[in-house]
Amino acid sequence: VLEWGYPDAYNFMYLPRKGQTNLSYAFINFVSEAHAMAFTTQWHKKRMAHFTARKPLNISFADVQGLKENIGQLRKRRLRQIRQCHPIIIMNGRQLDLMEALAIAEI
Numbered sequence: 189v190l191e192w193g194y195p196d197a198y199n200f201m202y203l204p205r206k207g208q209t210n211l212s213y214a215f216i217n218f219v220s221e222a223h224a225m226a227f228t229t230q231w232h233k234k235r236m237a238h239f240t241a242r243k244p245l246n247i248s249f250a251d252v253q254g255l256k257e258n259i260g261q262l263r264k265r266r267l268r269q270i271r272q273c274h275p276i277i278i279m280n281g282r283q284l285d286l287m288e289a290l291a292i293a294e295i
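For the sequence shown, this note's numbering begins at 189 and goes up steadily by one.
Derived SDA-like pairs: lysine to any residue, alpha-carbon spacing no greater than 25 Å straight-line:
1) Lys233 x Asp251
2) Lys206 x Asp251
3) Lys264 x Tyr213
4) Lys264 x Met279
5) Lys233 x Ile216
6) Lys256 x Met287
7) Lys243 x Cys273
8) Lys206 x Gln283
9) Lys206 x Leu284
10) Lys264 x Ile278
What the hints contain is simulated information worked out from the structure, not anything from laboratory work.
Please model the entire structure based on the sequences and the hints provided.
Shown next as structure tokens:
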């Protein structure tokens, strides 16, 4: 997402890991459908410059949509597992820590 250059286009990013290895997929919640489509148009089936992955990105739409809904999905995982991955959660222009985001998602 950082290579794309639109930091205000998303409010949630989660890259699951197992130990020190990422699982080769990520969840990103864009603030609008237009941002999601622009990202997809630019990056689908492309490789990122700063990584050595041999496979190009394969972008698809997730079953879960929306900031609170994605935070709700985190709640279903083990807390230790989530903390290791440091999800990025942004609300009202401010990055939240995990516990704060989980509390807000309950409202």
